Amino acid sequence: MRNLIRRNIVAGFVAAATLATMAVGLEAQGVKIADPTSVVMIVNRDSNDIAFMDIKTHKIVGSVFLGNNVNPHMVMMSPDGRYVVTGGTRANKAYIIDTKTLQLVKTIPVDIAPEHLAFSPDSRWYYQGNPDGDSISVIDMQSLSKIKTIPGFVEPLNVTFLPDGSKAYVGNYGAHWVGVVDVRRHELIKKIQIAEVPGVAKLDPSKYLGEIHGINIAMPSPDGKYLYAADGTLGIVGVIDPREDAVIKHIRVGKDPWRIYMGHDGKYAITPNNGDNTISIIDLKTNSVAATLEAGPNMTGVNFAQGKAFVISSTSGFVYVYDMNSLKPAGRIKMGTNVQLETATTDTKEEKLYLAESTNHEVLIIDAKTNAVERVGHVGLYPWGTHIMDSKDNYCH
Amino acid sequence: MMRVRKRFCGFGAAMVLICGAVGASAQEKPAQMNMADHRGALQGRVRNGAGAPVADTEVLAINAENGAEFRSTTDAQGAYSFGALPVGKYDVTLTSTAGLTTFRRRGVDVAMDGKVTLDITLDAASAAEAAEFERQQLLEKIATLEKRVGDLETTTVLSEPETRVRRVEVYVDPSGVEHEDPTPGAKKTVTYRRERTYRRQTISEKIDAAIEEAATHRVTVGVDAAMATQFATQTRGDIEPGNAAYALASADLFFTAGIAQNTLFFADIVGLSGAPPDSEIPTLTLINGYTARLVEQNSLNLREAWLRTEVWKNRLALTAGRLDLTNYFDANAFANDESTQFISDALVNNQMLGLAVNGVGVASEFDAKNGLKLKFGFQQSSPEPTSLGDSLFTLSEVGYTFTPFSLPEGTYRVWFRTDNSEPDVIRQGVGFSFDQKLSPAVGLFARYGQAETDLGHDRFYSLGVSFQHGFILNPEDTWGVGYANMDLKTGEREHLIEGYYNLLLTEKLRLSFHLTGVVDTPVGGSKFGYLFPGIRFQAAF
Numbered sequence: 015m016r017n018l019i020r021r022n023i024v025a026g027f028v029a030a031a032t033l034a035t036m037a038v039g040l041e042a043q044g045v046k047i048a049d050p051t052s053v054v055m056i057v058n059r060d061s062n063d064i065a066f067m068d069i070k071t072h073k074i075v076g077s078v079f080l081g082n083n084v085n086p087h088m089v090m091m092s093p094d095g096r097y098v099v100t101g102g103t104r105a106n107k108a109y110i111i112d113t114k115t116l117q118l119v120k121t122i123p124v125d126i127a128p129e130h131l132a133f134s135p136d137s138r139w140y141y142q143g144n145p146d147g148d149s150i151s152v153i154d155m156q157s158l159s160k161i162k163t164i165p166g167f168v169e170p171l172n173v174t175f176l177p178d179g180s181k182a183y184v185g186n187y188g189a190h191w192v193g194v195v196d197v198r199r200h201e202l203i204k205k206i207q208i209a210e211v212p213g214v215a216k217l218d219p220s221k222y223l224g225e226i227h228g229i230n231i232a233m234p235s236p237d238g239k240y241l242y243a244a245d246g247t248l249g250i251v252g253v254i255d256p257r258e259d260a261v262i263k264h265i266r267v268g269k270d271p272w273r274i275y276m277g278h279d280g281k282y283a284i285t286p287n288n289g290d291n292t293i294s295i296i297d298l299k300t301n302s303v304a305a306t307l308e309a310g311p312n313m314t315g316v317n318f319a320q321g322k323a324f325v326i327s328s329t330s331g332f333v334y335v336y337d338m339n340s341l342k343p344a345g346r347i348k349m350g351t352n353v354q355l356e357t358a359t360t361d362t363k364e365e366k367l368y369l370a371e372s373t374n375h376e377v378l379i380i381d382a383k384t385n386a387v388e389r390v391g392h393v394g395l396y397p398w399g400t401h402i403m404d405s406k407d408n409y410c411h
Numbered sequence: 003m004m005r006v007r008k009r010f011c012g013f014g015a016a017m018v019l020i021c022g023a024v025g026a027s028a029q030e031k032p033a034q035m036n037m038a039d040h041r042g043a044l045q046g047r048v049r050n051g052a053g054a055p056v057a058d059t060e061v062l063a064i065n066a067e068n069g070a071e072f073r074s075t076t077d078a079q080g081a082y083s084f085g086a087l088p089v090g091k092y093d094v095t096l097t098s099t100a101g102l103t104t105f106r107r108r109g110v111d112v113a114m115d116g117k118v119t120l121d122i123t124l125d126a127a128s129a130a131e132a133a134e135f136e137r138q139q140l141l142e143k144i145a146t147l148e149k150r151v152g153d154l155e156t157t158t159v160l161s162e163p164e165t166r167v168r169r170v171e172v173y174v175d176p177s178g179v180e181h182e183d184p185t186p187g188a189k190k191t192v193t194y195r196r197e198r199t200y201r202r203q204t205i206s207e208k209i210d211a212a213i214e215e216a217a218t219h220r221v222t223v224g225v226d227a228a229m230a231t232q233f234a235t236q237t238r239g240d241i242e243p244g245n246a247a248y249a250l251a252s253a254d255l256f257f258t259a260g261i262a263q264n265t266l267f268f269a270d271i272v273g274l275s276g277a278p279p280d281s282e283i284p285t286l287t288l289i290n291g292y293t294a295r296l297v298e299q300n301s302l303n304l305r306e307a308w309l310r311t312e313v314w315k316n317r318l319a320l321t322a323g324r325l326d327l328t329n330y331f332d333a334n335a336f337a338n339d340e341s342t343q344f345i346s347d348a349l350v351n352n353q354m355l356g357l358a359v360n361g362v363g364v365a366s367e368f369d370a371k372n373g374l375k376l377k378f379g380f381q382q383s384s385p386e387p388t389s390l391g392d393s394l395f396t397l398s399e400v401g402y403t404f405t406p407f408s409l410p411e412g413t414y415r416v417w418f419r420t421d422n423s424e425p426d427v428i429r430q431g432v433g434f435s436f437d438q439k440l441s442p443a444v445g446l447f448a449r450y451g452q453a454e455t456d457l458g459h460d461r462f463y464s465l466g467v468s469f470q471h472g473f474i475l476n477p478e479d480t481w482g483v484g485y486a487n488m489d490l491k492t493g494e495r496e497h498l499i500e501g502y503y504n505l506l507l508t509e510k511l512r513l514s515f516h517l518t519g520v521v522d523t524p525v526g527g528s529k530f531g532y533l534f535p536g537i538r539f540q541a542a543f
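So the protein sequences, as listed, match chains A and B. So the first sequence is numbered by our numbering: it starts at 15 and just counts up by one. So the second sequence is numbered by our numbering: it starts at 3 and just counts up by one.
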């Protein structure tokens, strides 16, 4: 018995010493983030940095300054957790940060006004959308260099990859088609028209010849079988079969849908319709609208957790909550008065939402179960969005 | 002698001066040499690929350090010579008469007092070497240019740094010192502070922001204008008129302004002109719903003017002023708007709500945002009495929105009303209504209401079906069919059926076609019936 105790004590000491040695070793190597899943990334538009918040303690553990007047837009971690990248909208550059050391390891010139971005599932390719350059910059994450600029898009906002990484789909906000990119060749191979502009369009030049609210994103369903693309001007969601790269169904939703957000369980998706301040809940099995419910103005995002959908109404200061089982409104959470809510991410346990609020430079943490709100201030100037590795709700404006 | 002496004196003075100058120079600049004063020579012969001399060809030597150019022309033997080039490295170039570089050699070193020989052979290899050199030089220039553009983009701010005022919470201690973070003894206080943000904005972003900012401070004007033309064809009975045509034009001007936090001012001025069927045909309900707005022909009337504010985290909305209380109640999604849906009043309003005029009142609405809505309001029911106590109309409603039986959303509501406008009696009414989507394209609606009278209870019901997003010509079109039944204790009865198709021409312009059939039984009279085909043209912006 005594031997056993002694053995345990010795083993305990050895383990503690090993851990301590590892910690010291990591620190000596300049490691600031050992576990990439342990942080929430915050993109601060006006202080031009990416801040890293510990997901447990809610303390800012590091920050990477990118340069004056860079105005980063969206932040994302590579699927392998090795790098954190962002596009500097006003610097026309992509920034690559080493996750462990939080060192800015590479700055790569891209096209005009880089905003949203995506990684191929194998972390090899970083596709940076350049809405004002009408192009996608392809960055090789092995050599950390731009290998190609794919032209021919019209205000490309978001890129999504098929799970096998063979094709990428690009939403064009300045048009009514989705671009299909062959990832092996990095070439635009097809333009899928989401829907025809109705015949009465010629009577309404102010609507159809004014500003196009086209396609923000072609969002894959959780099972990867279809892609869903909402067209703002046309008020339609097109369902794309990626085997044929053809639209197999049109779903009419509310006015001016911003984009589509996928529920995590694969049952429903939501379009926030900023034209009539409603949300359309789409049944993914029948590909039809299951409910159209009241919401708020200027919606910028939808997050899912604990069987609920949280819809961010940017200028009202409210997050609207919906019960995704009964498809009923489930109240709304007041986040503040005269605040500007941006976008949020959901943690991988689907317990908390991390919502950027730019007026007071804070991140608002919503407990998805209780709807309680915790405020973390001084995260940087004008926090614009958040990101957590492997979160199912990583998106930007 | 004198001259010799003078000459000596002159020489001596010059020596003194030179020595003095050298001495002074040696004291001021310790042994610095001017490289430009030291020169070297560069020479050689130019031959073609066959070895023959190339005459009358210009050889260009460019100093790599300062870009100074020196030229020499070959003689009949192909010889060229730069006798005195400043010391340094030179790029030597020969260019053909066509302007192509045929030879280029970088870094030819001309040493002090040295003589460098560079024989040049103009063959394919030298031309290729020159072309490669030029390509490299071009790439260098592009790289430099890219860097400069990049630097310009990162360092140039296209707009002034923005300032904005922010509401902040600070901590003020008893001595009045402000702290950013909680401090023992300090009290949390709200204050406002200007802050500066460094965001580069494009000109269009700046303009958009300025327009948006200006819009929040101005009064918004809206217009809703419509013209409804209806034809009456008698189908039953023999009352006058037999057949007739009617037209009523209506224009509403709306004024909206945000005047405080969560507080809005609204006014609606309406003007009508023309003759609706209701001015001549004595149906129980209004065939043209716009007739309810007609107070006086060709004149403007203040229909509504109210303030609305939201309190309790925006859950409770209070509206007070001159209003149409029934607007806030029984708001059926498929049959509640005479400007875009059915035109018959029997399919726009529940006839048992019973309020005919607008007046001073208050409407409150509690929206828990979980589907439940509670409403209560009161309004002056008649402009004649001198006190509100003699003309008080109240309305209460409970509404609930949900998705029953796996159907899309539906809203169900129950209302109750009281009216004391008759002397010494309070009349009551009750009703319910629902609008339920059966599919994304098809919606069902129904209403029922009953109101107390001296003789018993008058009853009204209506029901119908509405279509949108399906079975239509254009994506935003809607159409519907409805039936309404009115049964009064006096014996008067009415059956009304209407179908409409609303064609959305543009966001601001709609054209709709209506067909209304009605059969009325008046008190002590014989039944009469009419068919009203009509067209409504509506502009709203």
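Possibly wrong hints are sitting among the right ones.
In silico DSBU-like cross-links for lysine-lysine, where the CA-CA straight-line distance does not exceed 35 Å [to be verified]:
| hint | chain 1 | residue 1 | chain 2 | residue 2 |
| --- | --- | --- | --- | --- |
| 1 | A | K70 | B | K208 |
| 2 | B | K149 | A | K348 |
| 3 | A | K205 | B | K91 |
| 4 | A | K269 | B | K315 |
| 5 | A | K239 | A | K181 |
| 6 | A | K239 | A | K73 |
| 7 | A | K383 | A | K342 |
| 8 | A | K162 | B | K208 |
| 9 | B | K375 | A | K299 |
| 10 | A | K216 | B | K143 |
| 11 | B | K375 | B | K189 |
| 12 | B | K208 | A | K221 |
| 13 | B | K208 | A | K216 |
| 14 | B | K189 | A | K348 |
| 15 | B | K143 | A | K383 |
| 16 | B | K375 | A | K120 |
| 17 | A | K342 | B | K208 |
| 18 | A | K263 | B | K149 |
| 19 | A | K216 | A | K162 |
| 20 | B | K189 | B | K149 |
| 21 | B | K510 | A | K269 |
| 22 | A | K73 | B | K375 |
| 23 | A | K46 | A | K114 |
| 24 | B | K208 | A | K205 |
| 25 | B | K143 | A | K162 |
| 26 | B | K208 | B | K491 |
| 27 | A | K406 | B | K375 |
| 28 | A | K114 | B | K149 |
Covered by chain A, according to a simulated footprint, are these stretches of chain B (three or more residues, beta-carbon under 8 Å) [stated by the list, open to error]:
| hint | segment |
| --- | --- |
| 29 | 126-137 |
| 30 | 491-503 |
These are calculated hints, taken from the structure and not from any lab test. From a predicted model like this one, the values you see are computed outputs, not experimental measurements. Using N, Cα and C, we set each Cβ at its ideal position, and we do this for glycine too.
Checked hints:
1. Between K70 (chain A) and K208 (chain B) the CA atoms are separated by roughly 39 Å; this puts the pair beyond 35 Å, and the hint is violated.
2. In summary, the hint linking K149 (chain B) to K348 (chain A) is not supported, as the alpha carbons are separated by about 47 Å, beyond the 35 Å threshold.
3. For the proposed pair K205 (chain A) and K91 (chain B), the alpha carbon gap of about 57 Å is over 35 Å, so the pair is violated.
4. Simply put, K269 (chain A) and K315 (chain B) have alpha-carbon atoms about 27 Å apart, close enough for the 35 Å limit, and the pair holds.
5. With a CA separation close to 13 Å, the supplied pair K239 (chain A) and K181 (chain A) stays within the 35 Å bound.
6. Restraint check: the Cα-Cα separation between K239 (chain A) and K73 (chain A) comes to about 39 Å, which exceeds 35 Å; the hinted pair is violated.
7. Simply put, K383 (chain A) and K342 (chain A) have alpha-carbon atoms about 16 Å apart, close enough for the 35 Å limit, and the pair holds.
8. The straight-line distance between the Cα atoms of K162 (chain A) and K208 (chain B) is roughly 32 Å, inside the 35 Å bound, and the hint therefore holds.
9. This hinted pair checks out: K375 (chain B) and K299 (chain A) have alpha carbons roughly 31 Å apart, not beyond 35 Å.
10. Our distance criterion of 35 Å between C-alpha atoms is broken by K216 (chain A) and K143 (chain B), whose separation comes to about 49 Å.
11. A distance of roughly 39 Å separates the Cα atoms of K375 (chain B) and K189 (chain B); the hinted pair therefore is violated under the 35 Å criterion.
12. The straight-line distance between the Cα atoms of K208 (chain B) and K221 (chain A) is roughly 23 Å, inside the 35 Å bound, and the hint therefore holds.
13. Restraint check: the Cα-Cα separation between K208 (chain B) and K216 (chain A) comes to about 31 Å, which is no more than 35 Å; the hinted pair holds.
14. Distance hint between K189 (chain B) and K348 (chain A) is fulfilled; the C-alpha atoms sit about 24 Å from each other, no more than 35 Å.
15. Of the pairs offered as hints, the one joining K143 (chain B) and K383 (chain A) is violated, with about 60 Å between alpha carbons and a cut-off of 35 Å exceeded.
16. Restraint check: the Cα-Cα separation between K375 (chain B) and K120 (chain A) comes to about 55 Å, which exceeds 35 Å; the hinted pair is violated.
17. Under the criterion of a C-alpha separation no larger than 35 Å, the hint pairing K342 (chain A) with K208 (chain B) is inconsistent with the structure, at around 40 Å.
18. Between K263 (chain A) and K149 (chain B) the alpha-carbon distance is near 48 Å, which puts this suggested pair outside the 35 Å criterion.
19. At roughly 39 Å between alpha-carbon atoms, K216 (chain A) and K162 (chain A) are farther apart than 35 Å, so this suggested pair is violated.
20. Among the hinted pairs, K189 (chain B) with K149 (chain B) is inconsistent with the structure: their alpha-carbon atoms are about 53 Å apart, more than 35 Å.
21. With a C-alpha separation of about 14 Å, the suggested pairing of K510 (chain B) with K269 (chain A) holds against the 35 Å cut-off.
22. Straight-line distance between C-alpha atoms of K73 (chain A) and K375 (chain B) comes to about 41 Å, which puts the hinted pair past the 35 Å bound.
23. Taken as a hint, the K46 (chain A) and K114 (chain A) pair is honoured in the structure, with Cα atoms around 6 Å apart against an allowance of 35 Å.
24. Simply put, K208 (chain B) and K205 (chain A) have alpha-carbon atoms about 33 Å apart, close enough for the 35 Å limit, and the pair holds.
25. The straight-line distance between the Cα atoms of K143 (chain B) and K162 (chain A) is roughly 21 Å, inside the 35 Å bound, and the hint therefore holds.
26. Distance restraint check for K208 (chain B) and K491 (chain B): the Cα-Cα separation of roughly 66 Å exceeds the 35 Å cut-off, and the hinted pair is therefore not satisfied.
27. Of the supplied pair hints, the one linking K406 (chain A) and K375 (chain B) holds, its CA atoms being roughly 34 Å apart against a limit of 35 Å.
28. A C-alpha spacing of about 29 Å is found between K114 (chain A) and K149 (chain B), which places the hinted pair at or below 35 Å, so the restraint holds.
29. Proximity of the segment 126-137 of chain B to chain A, defined as three or more residues with a beta carbon under 8 Å from a beta carbon of that chain, is not established by the 0 residues found.
30. Counting residues of the segment 491-503 of chain B whose C-beta lies closer than 8 Å to any C-beta of chain A gives 0; at least three are required, and the coverage claim is violated.
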